[in-house]
Structure formats: structure tokens, C-alpha cells
Amino acid sequence: MNLTTFYLAIGGLILAPLIGGLVAGVDRVITARLQSRMGPPLMQPFFDVGKLMSKVIAPASHWQGMFVRWALIASLASDVLLASGADVLMCFFVQAGSACFVAMGAFNGNSPYSKIGAQRELFQMLAYEPVFLVAILCMAKASGGFDAFSFMASQQPLLFKMPLIVPGLIFVVLIKLRKSPFDIAASHHMHQEVVRGVYTDYAGRDFALLEIAHWADVTVVLWICSFLWATGPLQMLAVAFITLMIALIIDNISARLTWRTMLKRVAPITLILAIANLVWLYVE
Amino acid sequence: MTEAYIGLLVLWPLVAGLACLVLRGPGVRSALVLATGAALAVGGLALASQAPFTANPGFLASETAMHIAEAAAFILPVYFLFKGLQGKHLLVILFSIAQLGLASVSAFMVPAAPAAQSAVVLDGLSLALMLVVCFAGSFICIFALPYMKHHEEHLHLKVSRQPGFFLIMLAFLGFMNGLALSNDLHLFAAFYEATTLCSFLLIGHDQTAEAKKSAYRALWMNILGGMCLHAGIILIQKQFGLADIQQIVNPALWTGASLLPIAFIAAAGCIKAAQMPFQPWLLGAMVAPTPVSALLHSSTMVKVGVFVCLRLSPVLAGTTTGKILCLVGAFTFFATSAMAMGQSNAKKILAYSTMANLGLIIACAGIGTPIAIAAGIVLMVIHAATKGLLFLCVGDMEQTIGSRDLEDLRGIIAKSPVVAFAAVAGSMAMVLPPLGMLVGKWAALEAAAASPIAMVMMTLGSALSVVCWVRFAGTLMAGKSVSAQHAHSSALTSGPILSMLAAAVGLGMAAPWLNSMLLPPALANPMAGGWGLMPPLFILAMIGWIIGMKVLRRQSAVTLATPYIGGLPSNEPGTFVGALGRNWVLSEGNPYAAEIFGEPQWTKIGGALATALLLALLGGAFI
Amino acid sequence: MFGSFLKKSQIKSPWLMHFDCGSCNGCDIETLACLTPVYDVERFGIINVGNPRHADVLVVTGTVNPRNAVILKNIYDQMPTPKLVIAIGACGCSGGVFRDAPNVLGGVDKVIPVDVYVPGCPAKPEAIMDAVVTGLAKLGKILEVA
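Taken in order, these protein sequences are the chains called E, C and W. Under numbering that gives the first Met the number 0, think of the first position of the first sequence as 0, with each following residue one higher. Under numbering that gives the first Met the number 0, think of the first position of the second sequence as 0, with each following residue one higher. Under numbering that gives the first Met the number 0, think of the first position of the third sequence as 0, with each following residue one higher.
Some hints could be false.
[Claimed, not checked] No farther apart than 20 angstroms at their CA atoms in a straight line, the calculated lysine to any residue pairs in the SDA-like style are these:
hint, chain 1, residue 1, chain 2, residue 2
1, C, LYS322, C, ALA620
2, W, LYS6, E, GLY49
3, E, LYS263, C, ILE595
4, W, LYS6, W, LEU142
5, E, LYS160, C, THR368
6, W, LYS72, C, TYR591
7, W, LYS123, W, LYS6
8, E, LYS263, C, TYR591
9, W, LYS7, E, LYS263
10, E, LYS140, C, THR368
11, W, LYS7, E, MET42
12, E, LYS140, C, THR254
13, W, LYS140, E, LYS263
14, C, LYS322, E, VAL278
15, C, LYS347, C, LYS603
16, E, LYS263, C, LEU559
17, W, LYS140, E, GLY49
18, E, LYS160, C, SER450
[What the hints assert, rightly or not] Just a few of them, taken from the derived set where beta-carbon distance is under 10 angstroms, the chain W residues facing chain E:
hint, residue
19, ARG42
20, ILE74
21, GLN77
22, LYS82
23, GLY94
24, PHE97
25, ALA136
26, LYS137
27, LYS140
Since the hints were derived computationally from the structure, they do not count as laboratory data. Glycine residues also receive a C-beta, built at the ideal position from the N, C-alpha and C atoms.
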């Protein structure tokens with residue numbers, strides 16, 4: 000591993016959660032503006048995490064702290080892998096590992112809402128993982144390699160070769176950002192039927208660390224989406240921003256679906272489109 | 000010296016097994032089993048240090064051995080026919096007769112092939128299977144000692160049937176080693192049939208109606224596999240007059256020739272590995288005592304199937320037959336992972352997961368490139384350790400609570416902490432990076448880059464298996480703490496379990512180097528491509544482990560918060576004060592979503608598609 | 000710098016949990032009105048959370064009766080420290096016109112310690128927001144001293 004990779008890795012480690020926090024802030028401001036409100040300051044997510052860090056509360060289970068730390072390490076690792084140009088498939092699997100740890104910690108909670116949330120979180124993973132993997136496979140086929148630098152090195156934007164994976168990527172972003180209609184496992188807004196779902200039992204410092212892990216995850220997902228037009232850093236930022244906007248608009252105009260609809264109707268449609276794109280890339 | 004070690008691996012287990020049968024005392028039995036474990040470990044490591052090599056030990060290379068192999072090709076089907084008539088099972092009778100017919104054709108109507116150049120060849124693949132049998136097989140037999148004692152206590156048996164049980168278990172290990180090492184096709188076929196015999200006897204061990212039914216189902220399916228194997232052998236004998244496996248798997252031999260014999264042998268491998276549509280025999284084998292399931296499903300029987308396909312893979316690379324075999328394996332990976340999702344019977348979850356991973360390995364074999372083959376062998380070895388661990392844990396937990404339903408296993412870490420934690424670790428090892436199974440899956444996915452449909456099925460299967468195993472692990476823990484009155488397991492139970500866990504983790508750590516050892520020298524860089532990520536990820540995992548343990552210790556010392564539930568928490572744990580002011584029990588259950596993942600519909604539709612694929616495998620080679 | 004950021008955050012992100020202890024819903028409607036675009040409490044970082052484990056401020060309306068006193072205490076205990084309690088409306092402050100009724104305990108402070116009282120029947124949204132800000136100032140002073 001040479002020095003450049005090392006610097007990139009450190010940069011990814013420190014900047015990715017911060018970028019994710021900024022994305023969360025932009026998310027809340029734009030959502031508020033869409034709802035004709037002022038919205039919180041841009042730095043609000045950082046204040047939220049800072050407040051949570053100093054909260055003192057008894058844990059809901061002996062295991063949750065352990066799983067939270069493991070989830071945080073896995074999420075940060077996936078950012079580091081992507082930043083240093085490593086294998087994107089392995090970055091995906093490491094991030095999936097982080098989601099597994101969150102679900103495991105929720106299974107160990109003492110609230111039934113936490114356990115329902117954990118089961119739903121697993122079904123959400125089942126819904127988005129195949130289509131996300133197929134999207135990465137399409138990008139790999141078009142760029143000729145599995146590492147992040149090949150993805151970013153294409154002369155022509157990848158979007159033109161894989162338009163059919165866009166619904167799938169939007170689906171993944173909606174799920175990962177916990178936006179309606181797929182805000183199923185951790186019902187974002189208060190007084191929804193599973194209280195806070197998979198996050199119910201996490202509180203205080205554990206919840207703060209989980210938020211940071213979530214920011215790291217969001218950065219990875221949006222970054223992979225930005226590979227669709229990776230001709231330059233500004234273009235990548237634009238694609239990420241446009242993806243976020245689409246997600247926010249869909250969030251604000253739709254109600255939540257059930258996990259059965261997500262798994263039986265939406266996931267197969269996006270997956271079939273993505274598979275069609277993959278096969279087309281191989282055929283031509 | 001090499002020949003002595005080979006004898007140790009193949010013959011000693013048979014001798015020890017016969018000794019168990021004759022000297023019926025439990026103490027002697029334990030000593031013999033432990034001695035066999037030690038002998039196999041020593042022999043296996045000794046041979047590993049000399050790998051690769053060829054050898055001609057007398058008992059495998061001599062004329063007598065050849066005659067015994069040919070005789071076995073008749074004697075075993077005759078025994079199967081006898082059992083079929085005894086059990087009045089039509090398919091067993093028909094297939095045994097057909098098998099005898101094929102054996103006669105092979106012996107009398109086809110010119111005899113010259114003996115193989117070397118009776119024993121130890122290359123990467125045979126070394127992998129041999130070490131799997133020696134270590135995993137030994138651990139399982141050692142675990143079986145206390146397990147069978149409790150099993151017979153549960154059943155209130157007056158006369159112990161353990162001597163016969165351990166005879167077959169140990170003999171099984173010997174036959175498997177012989178199968179892994181032999182280079183002669185007839186000897187290989189004889190060992191293959193011997194494993195069919197052993198599995199029939201072991202599945203039916205408990206002699207209940209269900210056990211007998213499952214045993215006969217396994218028998219007819221495996222006889223069918225044996226028929227495919229013999230058909231392939233006959234065609235090869237007629238076409239090339241060869242019986243030397245190393246010569247047969249040389250791709251140069253098959254340029255321009257029809258791959259039908261190879262397709263037949265690959266089909267035999269698929270049947271032995273319980274690929275769809277032949278999965279019922281493996282599911283039925285779950286009625287047997289757990290050591291049998293572990294031995295059959297992780298370290299021996301089913302590995303024969305993938306071993307056969309991996310052995311054939313140099314010939315399959317780049318051919319249509321190879322592509323279809325890849326689809327057969329990938330489809331099984333996907334379909335059986337989906338069926339595992341809909342199961343609440345813990346042993347059936349393990350069975351479906353085994354078939355899924357075997358499908359993945361067979362998909363690697365079908366791809367046939369050196370990278371794919373290496374990924375397949377690494378998967379084979381790590382799967383043996385991980386799945387063996389899970390089977391032993393589930394077996395012990397089943398004995399503790401008397402049920403194998405996942406809903407009953409909920410929160411079992413309170414009662415059997417060591418075994419339950421090992422099971423949770425095993426489940427995590429199945430799906431999390433940087434541990435071996437995920438790494439193997441990743442390598443297989445990248446090796447399949449030439450076949451988009453196979454890749455898609457691999458991604459689907461991977462997502463399904465992640466959900467299945469995380470749910471499994473979460474159910475076992477369910478937020479319980481270790482209770483003060485937990486069961487203490489004997490050393491012979493926790494020893495094998497912890498050793499298998501150490502093996503699973505250790506092999507995962509060693510995966511980059513194992514992979515590079517199996518590749519040809521030009522490609523053999525352990526840190527090539529994404530493999531270089533594994534050591535840093537492992538170091539990160541270890542740091543994570545230390546941090547996690549610190550936090551766990553800190554949080555274990557505090558009182559937990561009251562649960563946030565739809566009602567007032569009451570003093571009795573697990574209940575809340577609800578309507579009418581009384582205590583209601585808080586119960587939970589996993590959503591198995593049978594309307595999506597139900598076994599019946601997937602078995603029907605998946606079975607039909609898989610049958611079509613297997614027919615395409617054979618037909619495609621025929622045309 | 001990091002420490003002062005953490006300190007500042009504690010008053011810049013008050014997460015509210017609202018509980019109705021027998022209110023006529025007048026105060027509840029006014030409380031929820033704060034979330035609407037006209038009043039928009041999210042400007043102050045206030046989010047309405049449904050999970051006491053995530054809440055900093057407990058906003059209670061209604062007189063408290065013996066049955067929901069137990070539940071109120073339960074929710075209060077499940078909140079992390081440091082926490083604030085705001086009693087909304089005449090009923091929450093002292094029981095209002097229902098104070099002498101047999102099932103009424105007479106205000107939130109009979110069960111849990113209250114930090115800010117908001118009079119009114121119903122209390123106005125501006126007053127509720129003012130109460131949260133006052134409560135945060137009180138919390139800030141406590142934390143500075145601690």
C-alpha cells in the first residue's frame with residue numbers, strides 16, 4: 000500500500016462521516032423548505048449527535064454497545080475502502096455487515112418494537128441488496144474492473160450504458176436514507192406504529208455512534224450512485240445531489256408501504272430492470 | 000513412509016471401527032475414536048507436508064485391490080437390491096438392477112483399461128478434501144461420543160447400538176480418505192458406492208418409520224448417482240480406454256470429443272451434493288442423530304459431489320457443459336437459500352444452507368477457470384468447518400431443550416452459553432466479512448464475471464442467506480443474559496465445537512494464502528486483487544473485537560433499562576400490565592413469510608426448473 | 000473546542016416527547032401546531048419523538064389522574080438524563096378547573112418534578128415555544144454550573 004492510498008484512506012475515514020452529516024443537514028433543510036417551513040440550521044445533525052453523546056441512560060441490553068461499535072467500525076471501513084479505490088464489491092459486503100450488526104443489536108433489545116424493527120430491517124436488506132449488487136456488477140462490466148478507480152476512470156459517463164439501474168439505485172437510496180415509502184424498519188417520524196423500530200432501544204452515546212455510522216453509510220451509497228457520471232468531482236457531487244433531491248421529493252409525496260409490498264412488488268421490478276441492463280451489457 | 004501414512008488414513012479407521020464393533024465397551028470406544036482422531040490428524044498433516052505427490056501403496060495399487068474394486072461394483076448393488084426387496088421399495092429395486100446391469104457392461108462388455116499410472120495422487124483438491132475429512136470428521140466422531148450416550152438415554156434403549164454406529168462412522172472416514180486420494184476411476188467408484196452404503200445405514204440408524212423412509216429415499220437417489228457415475232466410466236472406457244483420473248481430466252484429451260461422460264459424472268456429483276431437484280434426500284437425512292447430519296452434510300458425503308465436479312472442472316472450462324453446470328449450481332444456491340428463509344426447523348435451515356453453498360461451489364467448478372476452482376476449493380474447506388460447527392451446536396442445543404424448532408431455541412444463550420455463542424459466531428461466520436465464507440462468496444462472484452445469469456443468482460442467494468443467518472443468530476441471543484443455572488457441557492462436546500470454531504476463523508484468516516496455494520504459479524499472489532484487503536480487514540476486526548469486549552464488560556455491569564412496551568412493564572420479566580389490569584405475556588416470533596418463501600411452491604417450481612437444467616446438462620453434451 | 004461544541008449541542012437539540020395525561024386535547028392541538036409551518040419549532044432543532052429513550056424534554060398536558068400517573072412516572076424514568084419537564088396549560092400546572100374532582104391529582108408536579116409551567120387554557124403555541132427556550136436556558140445554566 001503506497002502513501003497516496005494511505006492518505007486517501009485517512010481522508011475517507013475522517014471526511015466521509017462529516018460529509019454524511021452535511022447530507023443529513025441538507026436533507027432536513029430541503030425537506031423543511033418543501034414543506035413551506037424554515038427548517039433547522041445546516042449543522043443541526045452535528046448538534047444532535049453532540050447532544051446524544053452526553054446523555055446518560057441505562058442500556059436496553061448488555062450487547063447493544065458492542066454491536067453499535069462493530070457497526071460503526073464496519074461503516075467507516077466501507078468508506079475507507081471506497082476512498083482508497085479498493086474493490087467496490089467488498090466495500091458493499093462490509094457495509095452490509097454493518098447493517099447486520101445494527102439488526103443484531105436490535106434483536107437483543109428488550110422492547111418488542113426493537114425486535115419488529117430488526118425483522119423489518121432484515122427484509123429491507125433482502126429487498127435492496129440484490130438490486131444494489133446487480134447495479135455494481137453492471138458498473139464493473141462497463142468499466143472492466145471491480146475497483147473504485149476503474150469505475151471513476153470511464154471516459155463516457157456510465158449512465159448512458161446503464162439507464163435501467165437508475166430505478167434500482169433510487170430504491171436503494173430511499174431505503175438506506177429511511178425515506179417514505181420505504182421507511183419501514185425505523186419509522187422516522189414520531190408516533191408511527193413501531194415507535195422507532197430498529198433504533199428504539201438504542202439511546203444516548205450508542206445512538207450517537209449509530210448516527211455517525213448511518214452518515215458513513217449514506218456517503219458510500221451516494222458515492223456509488225455518483226459513479227454514474229464520474230467524469231469529474233463536480234459532476235459526481237451533482238449526481239449525488241440530484242439523487243438526494245429525487246429521494247426527498249419522493250419522500251414528501253408518498254406514504255409508507257408495507258414490507259410485503261416492498262419485497263413482493265417493488266424489489267422484483269427494480270431487480271428485473273437491473274438484470275435486463277446487465278444482460279444487455281453482456282450481449283452487446 | 001508416505002504409503003504408511005496413506006494406510007493410516009484409509010485403513011486404520013476401518014480397523015478401529017471393527018474394533019469398536021467387537022470390543023463393545025464405552026471406554027474402549029472413546030479411546031478408539033480419540034486414537035483415530037489423533038491418527039488421522041497426524042497422517043493428514045504428514046501427507047500435507049509432502050504434497051503434492053503421487054504414490055502407489057500396495058493396498059490401493061495391487062491387482063487384489065483392483066479385483067476388490069470390481070467386485071464391490073457388484074456386491075454393493077446386490078446388497079442394495081436385497082435391502083430394496085426387504086423394504087419393498089420399487090425405485091431401490093429398479094435402480095439396483097440397473098446398476099448391476101451397468102456394472103456387468105463395465106466388467107464384461109468393455110475392454111478393460113490399463114491400471115492408473117499412480118494409484119494415489121495428492122494435489123491441492125485432494126489434499127483439501129482429505130484434511131477436511133481428517134479434521135472435521137474426527138471432531139464430529141469425538142462429539143458423537145457423549146451425544147450418542149445421551150441420545151440412547153433419551154430413547155431408553157436397553158441394548159446399546161453404538162458399537163455398530165461407530166463402526167460405520169469410522170469406516171465412513173476411511174472410505175472418504177480413499178475416495179479423496181485414489182486416482183483410479185474404478186477404485187473411486189467403489190469408494191463412492193461405499194459412501195452410499197454408509198449413508199443409508201447411518202440415516203436409518205434409529206430404525207423409526209421416518210428414518211427408514213428417509214434412508215430408502217437417500218438410497219435410491221444415490222444409486223441413481225452411482226448409475227450416472229458408472230455410465231460416465233463406461234463411456235470413457237469405450238472411448239479412451241483410460242481409468243487414470245489425472246489423464247482423464249486433461250482438457251487436451253477432450254478437444255473435439257463429446258463431453259457426455261463428463262456430463263454424466265458431473266450429474267453424479269450433483270446428485271451426491273443434493274443439488275436440486277435431488278435435495279429431498281438430504282432433507283430427509285435430518286432425522287438421523289446430529290453427528291450423522293454433521294458428517295453427511297459438512298465434511299463427507301456431500302463434499303464428494305463437489306469434489307467430483309471440481310475434479311472435472313479443468314475439462315469444463317469454457318465449454319457449454321461447464322456453463323450449464325454453473326447455472327445448475329447457481330440456481331440451487333438461489334432456490335435453496337430462498338427455501339431456508341421459509342423454514343423454522345433449525346436443522347432444515349442448516350440443510351438448505353448446505354445445499355446452497357454446495358451449489359455455489361459447483362457453480363465455481365462449472366466456470367472452470369483456475370481462479371474459480373481455487374475459490375471453490377477454499378469455499379469447500381471453510382464451509383466444512385463452519386457448517387460442521389453449526390450442526391454440532393444445533394445438535395447439542397436440541398438435546399438440551401428437546402426441540403429443533405428455531406422458535407424454541409429463542410434465547411438459548413441463557414441455558415447453554417458456550418454452545419449458543421459458538422452457534423452465533425458460526426452464523427456470523429457464514430455471512431460477514433472478513434471471515435471465510437463471505438470471502439469465498441465474493442471470490443466466486445468475481446470469478447463468475449463471464450456469466451451474468453449465474454452472477455445474478457449468486458447475488459440473490461447471498462442476500463437471502465445473509466437475512467437467514469442474521470435472523471438465526473438474533474433468535475438464539477434474543478437479548479437474554481447468561482443465567483446462573485446454565486448447563487455445563489462435557490469437554491468432549493465443547494472441545495470439538497470450539498476447535499471447529501477456531502478452525503473456521505483461522506481458515507478464514509488464512510484464506511488469501513490458501514487461495515494462492517491453489518492457483519498456478521503465474522497467478523499465485525496472495526495479495527492480488529481484492530485479496531490484499533483481507534489482512535487489514537482482519538486486523539480491523541480484531542481491533543473491533545477488543546473494543547466490543549470492553550464495551551460489553553462495561554454494559555454488563557449496569558442494570559438494564561425497563562423495556563419500552565405497549566403497556567406497563569411488570570415485575571415478572573417477559574410480561575406487561577395490559578388490558579384489564581392483568582399481566583400479559585410478551586411473546587415474539589419470526590416472520591417466515593411462507594407465502595413468499597414456502598417450501599412447497601419452491602420445491603415444485605424450483606424442482607421443475609432444476610430438472611430442466613440437468614437434462615440440458617446431459618442433453619447439451621449429447622448433441 | 001470539542002468540549003465546548005458538545006456543551007453547546009446539549010441545548011441546541013431538544014427532542015420533545017409529548018404525553019397527554021387526561022387533557023381535553025386543546026393544549027395538545029396547540030402543542031402539535033408548533034410543528035406546523037406557521038410556528039415551525041424545528042428551527043430550534045426541536046423534533047417530536049415518540050420514544051422516551053430518545054427524548055430530552057417531556058411535554059405533559061392534562062391533569063393527572065391515578066391511572067396515568069403510573070404511566071407518566073414510567074415514561075419519565077425511561078428518559079435519559081439530563082431531562083426537562085414542561086407542564087402545559089392550566090390543567091398541567093395545577094389541575095385547572097378540574098382540581099377538586101375525585102379522580103384528579105391536580106397537576107403534573109404531583110408526580111414528577113416540573114421545570115417550566117405554561118399557563119393558559121389552552122396555552123398558546125408561542126408560549127409553548129417560549130417555555131422550551133426557557134427550559135433550555137435553565138438547562139444551560141445547570142450544565143455550566145455542573
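Exercise. Measuring from the C-beta of W/LYS140 to each C-beta in chain E, is the shortest one below 10 angstroms?
Worked result: 16 angstroms, violated
Problem set entry | Hint consistency between W/LYS72 and C/TYR591 [alpha-carbon to alpha-carbon, up to 20 angstroms] | Not satisfied, since the Cα-Cα distance of roughly 38 angstroms exceeds 20 angstroms.
Exercise. Quick one, are W/LYS7 and E/MET42 close enough, alpha carbons at most 20 angstroms?
Worked result: Since the Cα atoms of W/LYS7 and E/MET42 sit roughly 12 angstroms apart, the hinted pair holds (cutoff 20 angstroms).
For this session: Would you check the hint for W/LYS140 and E/GLY49, treating anything up to 20 angstroms between C-alpha atoms as holding?
Result: Roughly 18 angstroms separates the two Cα atoms, so the pair holds.
Exercise. Given W/GLY94 as an interface hint, is the shortest Cβ-Cβ distance to chain E below 10 angstroms?
Worked result: At about 26 angstroms, which exceeds the 10 angstroms cut-off, the nearest Cβ of chain E leaves the hint on W/GLY94 violated.
Problem set entry | Restraint satisfaction for W/LYS137 [CB to CB of chain E, less than 10 angstroms] | 16 angstroms, violated
Exercise. Holds or violated: is there a CB of chain E closer than 10 angstroms to the CB of W/PHE97?
Worked result: 26 angstroms, violated
Problem set entry | Holds or violated: E/LYS140 to C/THR368, with C-alpha atoms at most 20 angstroms apart | 18 angstroms, holds
Exercise. Does the interface hint hold: is W/LYS82 within less than 10 angstroms of chain E, judged Cβ to Cβ?
Worked result: At 9 angstroms from the nearest chain E Cβ, W/LYS82 passes the 10 angstroms test, so the hint holds.
Exercise. Against chain E, is W/ARG42 within 10 angstroms by beta-carbon distance?
Worked result: 5 angstroms, holds
Exercise. Regarding the pair C/LYS322 and C/ALA620, is the alpha-carbon distance no greater than 20 angstroms?
Worked result: With a Cα-Cα distance of about 11 angstroms, the restraint between C/LYS322 and C/ALA620 holds, given a limit of 20 angstroms.
Exercise. Has the given pair, W/LYS123 with W/LYS6, been kept, meaning a C-alpha gap of at most 20 angstroms?
Worked result: Measuring from Cα to Cα gives roughly 30 angstroms; hence the hint is violated.
Comparing the model with each numbered hint stated earlier shows that hints 5, 6, 7, 9, 12, 13, 16, 20, 23, 24, 25, 26, 27 do not hold.
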